[in-house]
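Q: Chains A, B and C, in that order, give the protein sequences.
Under numbering that gives the first Met the number 0, think of the first position of the first sequence as 0, with each following residue one higher.
Under numbering that gives the first Met the number 0, think of the first position of the second sequence as 0, with each following residue one higher.
Under numbering that gives the first Met the number 0, think of the first position of the third sequence as 0, with each following residue one higher.
Source of the hints: derived by calculation from the structure; they are not laboratory data.
Hints are not guaranteed to be accurate.
Taking lysine to aspartate or glutamate and the EDC-like style, the derived pairs with C-alpha atoms no more than 20 Å apart in a straight line are [unchecked claim]:
no.	chain 1	residue 1	chain 2	residue 2
1	B	K65	B	D96
2	B	K65	C	E77
3	B	K75	C	D301
4	C	K227	B	E255
5	C	K230	B	E255
6	A	K166	B	D96
7	A	K41	C	E74
Spelled out from the first residue to the last, the chains are:
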Amino acid sequence: MSDKKPKRREFLYTATTAVGAVGAAAVVWPMVDQMNPDASVKALASTEVDVSSVKPGNTITVLWRGKPVFIRRRTQEEIEEARSVKMEELIHPEKDEDRAKNPEWLVMVGVCTHLGCVPLNDKGDYNGWFCPCHGSHYDTSGRIRKGPAPWNMEVPKYEFVNANTIKIG
Amino acid sequence: MKKLFKLILILSFFSLNSAQTFAAEKVDYLKTDWSFKGLFGKFDRAALQRGYQVYTEVCASCHSMKYLSYRNLSEKGGPEFSEAAAKAIAASFEVTDGPNADGEMFTRPGKLSDKFVMPYDNVKAAQAANGGAYPPDMSVLVKARGGGVDYIYSLLQGYEDPPSGVTLDDGVYYNKYMYGNKIRMAAPLSDGIVEYGDGTNASVEQMSKDVTTFLMWSAEPHLEARHQMGFKAIVYLIILTILVYFSMKKIWSGVESEV
Amino acid sequence: MSDHDYKPKSKVGQWFNDRLPLLTLANHLTDYPTPKNLNYWWTFGGILTFCLITQIITGLTLAMHYIAHADMAFESVEHIMRDVNYGWLIRYIHANGASMFFLAVYIHIFRSLFYGSYKSPREIIWILGIIIYLLMMAAAFMGYVLPWGQMSFWGATVITNLFSAIPLVGEGIVTWLWGGYSVDNPTLTRFFTLHYLIPFLILGLVVLHIWALHVPGNNNPVGIDIKKPSKDTVPFHPYIVIKDGFALLMFMIVFAFFVFYTPNILGHADNYIEANPMVTPAHIVPEWYLLPFYAILRSVPDKLLGVVAMLSAILILAALPWLDTSKIRSAVFRPLYKQFYWILVADVLILGYVGAMPAEGLYLLIARVATAYYFLHFLVILPVLGFKERTLPVPLSITEPILGGSPNLAAARHRESKIK
Numbered sequence: 000m001s002d003k004k005p006k007r008r009e010f011l012y013t014a015t016t017a018v019g020a021v022g023a024a025a026v027v028w029p030m031v032d033q034m035n036p037d038a039s040v041k042a043l044a045s046t047e048v049d050v051s052s053v054k055p056g057n058t059i060t061v062l063w064r065g066k067p068v069f070i071r072r073r074t075q076e077e078i079e080e081a082r083s084v085k086m087e088e089l090i091h092p093e094k095d096e097d098r099a100k101n102p103e104w105l106v107m108v109g110v111c112t113h114l115g116c117v118p119l120n121d122k123g124d125y126n127g128w129f130c131p132c133h134g135s136h137y138d139t140s141g142r143i144r145k146g147p148a149p150w151n152m153e154v155p156k157y158e159f160v161n162a163n164t165i166k167i168g
Numbered sequence: 000m001k002k003l004f005k006l007i008l009i010l011s012f013f014s015l016n017s018a019q020t021f022a023a024e025k026v027d028y029l030k031t032d033w034s035f036k037g038l039f040g041k042f043d044r045a046a047l048q049r050g051y052q053v054y055t056e057v058c059a060s061c062h063s064m065k066y067l068s069y070r071n072l073s074e075k076g077g078p079e080f081s082e083a084a085a086k087a088i089a090a091s092f093e094v095t096d097g098p099n100a101d102g103e104m105f106t107r108p109g110k111l112s113d114k115f116v117m118p119y120d121n122v123k124a125a126q127a128a129n130g131g132a133y134p135p136d137m138s139v140l141v142k143a144r145g146g147g148v149d150y151i152y153s154l155l156q157g158y159e160d161p162p163s164g165v166t167l168d169d170g171v172y173y174n175k176y177m178y179g180n181k182i183r184m185a186a187p188l189s190d191g192i193v194e195y196g197d198g199t200n201a202s203v204e205q206m207s208k209d210v211t212t213f214l215m216w217s218a219e220p221h222l223e224a225r226h227q228m229g230f231k232a233i234v235y236l237i238i239l240t241i242l243v244y245f246s247m248k249k250i251w252s253g254v255e256s257e258v
Numbered sequence: 000m001s002d003h004d005y006k007p008k009s010k011v012g013q014w015f016n017d018r019l020p021l022l023t024l025a026n027h028l029t030d031y032p033t034p035k036n037l038n039y040w041w042t043f044g045g046i047l048t049f050c051l052i053t054q055i056i057t058g059l060t061l062a063m064h065y066i067a068h069a070d071m072a073f074e075s076v077e078h079i080m081r082d083v084n085y086g087w088l089i090r091y092i093h094a095n096g097a098s099m100f101f102l103a104v105y106i107h108i109f110r111s112l113f114y115g116s117y118k119s120p121r122e123i124i125w126i127l128g129i130i131i132y133l134l135m136m137a138a139a140f141m142g143y144v145l146p147w148g149q150m151s152f153w154g155a156t157v158i159t160n161l162f163s164a165i166p167l168v169g170e171g172i173v174t175w176l177w178g179g180y181s182v183d184n185p186t187l188t189r190f191f192t193l194h195y196l197i198p199f200l201i202l203g204l205v206v207l208h209i210w211a212l213h214v215p216g217n218n219n220p221v222g223i224d225i226k227k228p229s230k231d232t233v234p235f236h237p238y239i240v241i242k243d244g245f246a247l248l249m250f251m252i253v254f255a256f257f258v259f260y261t262p263n264i265l266g267h268a269d270n271y272i273e274a275n276p277m278v279t280p281a282h283i284v285p286e287w288y289l290l291p292f293y294a295i296l297r298s299v300p301d302k303l304l305g306v307v308a309m310l311s312a313i314l315i316l317a318a319l320p321w322l323d324t325s326k327i328r329s330a331v332f333r334p335l336y337k338q339f340y341w342i343l344v345a346d347v348l349i350l351g352y353v354g355a356m357p358a359e360g361l362y363l364l365i366a367r368v369a370t371a372y373y374f375l376h377f378l379v380i381l382p383v384l385g386f387k388e389r390t391l392p393v394p395l396s397i398t399e400p401i402l403g404g405s406p407n408l409a410a411a412r413h414r415e416s417k418i419k
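So here's chain A without its partners, still in its complex pose (with noise of 0.2 Å):
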């Protein structure tokens, strides 16, 4: 009996801490979550751009998720450059007929990857974007090539509403 006694109180301690432990935990969530984005944030999450006045070789900056998306019109020479590349030349391998799925339209988020500058358009190495940062060159398929960023420039989620309307997101 004298063994039994002070196990039930252990329980009885143990169990009450425990539940104490889930509550305060529970509590916890709801001030880490409320840093999270809102629905209002979440309602934006696509935008649709008009692209009707693009001509080729130039590139306009969207505002999407307070960041800058680029969307350039491709010319021919930068279409074929960009897929002549050989896949061992790449940092970061990806075929530019996979980014670009309309080889006349690229669309890509304009932050660079090493720590989140925007490259200026038609600067570089290679064509196509140069970080001002640290000196990261991208392609004319947006695609590191030299400097210390460790990705290609992100594609977002896109698609053409109709041949002049893009909707990104």
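Dock chains B and C against the given chain A, drawing on the hints supplied.
A: Relative to chain A, chains B and C alone:
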């Protein structure tokens, strides 16, 4: 336990006290069963959808609802229109957007993320169109009136001919539930003014109940989540309280004192 | 048990503790000898600590979403209520938390009044408490302004206009408070700043309040000095921790009921109407916890004197340790004081009630009588009572009445239990 009883007594005094604050202007409102009251209260989806119809077809010509977005119509705990239906509702409104590349504002069909389109551009325009009276924004209207849903429900049905001796100016109507009995809004509802898609008879009473339910939701869109979480929280607290009570009894069992 | 000979067991602990004696502090807090006869009215200190921390945490998270601008404040509150993840929950906890905070502080204050906890050697604890209470009122008032509803706006207008009662400089002070010629955006932003600051001042004062408490130790229902540590005391942990925890949970059940089922009952409907400088609501009513003082303000027909009366009603409490001339602490042994104590409780409740009513007719008359009695209690009854009252014999130790003691004390306890 006596102490607890006393605490509850004091508490009830204070809640009574605040209830009294409103009682000063309280009249006997019309009563109806609200599905969203009580520990497990939920909205009646069909009533919310009908209420939205009454709002758009009747109220929305004067009253804005500027804190609601079309996406809310398909969110959980609300009227729960399908997302496609909510998109179609949004697209049926012309939304002003811009400026475009030429620096001009343009209109386009509404999207889910758009706020409800307002009937007037600003308060002054609303006043000018309504003889100087501003039709209040309805987003939180239920919470902004002392009597809450009962008040709105009664007001919609409270139009009467003025009693003898009461004279009304032009554009002023008599309503027995309105504060001071004089109201600048003409009776908005009449039998059959809307045609319900689900075949419900659109009596004034029915429409009042539906639109009031809709207004309750618009003021308190997370009411259902609140009730559900509240029940869980209180059950949890009671369980923990019992556990702590017995732990306390054990800990204090060796001490010559009362707990 | 004594703080000075505490030595951490581990080498690392000793090394750390020699440089920063945090472990000594922790040991002091856990071993702190507490009278074992404390009743549940003593648990409100812990409950208040919980309230303060809850308000600070929910307040910080709300501040991440709130916009202190006259054009956007109301909208940002609606944004919190509708879109922010759990925003409605956090805001309702914060809003009702203010009321729960005041409920607890009033019980805490009245417990102190009943058991004479403000008397020597605890005057500093008491005065620190009054300062905390004043800061709480300031924080609560400014917090109520932030949603920028009709009651926010007009409450701010009325309360800041109190300062205009000051002769000569009053108008200048009010303009300075507003940062303009009416309550407007500059007022809102400075109120937000101060509302953010004050809780941390309160936190600092609470540390001092507890520090000052730990010098003489807790008062107790018998109101006598006890030897500590002794058989009259128990260590704070686990005895008081678990008891405070139990009381806190009961308190949280009530709190949860307000938050989840009647979150707006303690507020005023008019505050869901956006502030409009052109229209004053039909009845301007402060939050319930300020109503007694509001009643005192309105019961005096003169602007300046009304403000003076209201402020005196609070500040008079600071002088209480010297106004109460009785050497006996606990009302248990003061039969007359006990009766006056309950009359004062009723008086304050009546003041609260009439504070919510229109200031006219019978209500005004009652408010005036109750105001007069409030001051009478502190300025006349308490000083005189200390000399005139025939008190009951006080036991020598708290163990005595618990173990049965003399018949006299058993009778005293019996009477005490009847009151509770």
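Q: Given the proposed pairing of K41 (chain A) with E74 (chain C), does the C-alpha separation stay at or below 20 Å?
A: Roughly 18 Å separates the two Cα atoms, so the pair holds.
Q: For the pair supplied as a hint, K65 (chain B) and E77 (chain C), is the alpha-carbon distance within the 20 Å limit?
A: holds, 10 Å
Q: Holds or violated: K65 (chain B) with D96 (chain B), Cα cutoff 20 Å?
A: Distance of about 16 Å is within 20 Å: holds.
Q: Straight-line Cα separation of K227 (chain C) and E255 (chain B) no greater than 20 Å?
A: holds, 16 Å
Q: Would the pair K166 (chain A) and D96 (chain B) pass a check requiring their Cα atoms to be no farther apart than 20 Å?
A: Distance ~17 Å between K166 (chain A) and D96 (chain B) Cα, so the pair holds.
Q: Given the hinted pair K75 (chain B) and D301 (chain C), is their Cα-Cα distance within 20 Å?
A: violated, 55 Å
Q: Given the proposed pairing of K230 (chain C) with E255 (chain B), does the C-alpha separation stay at or below 20 Å?
A: holds, 9 Å
Hint violations for this structure: number 3 only, all remaining hints satisfied.
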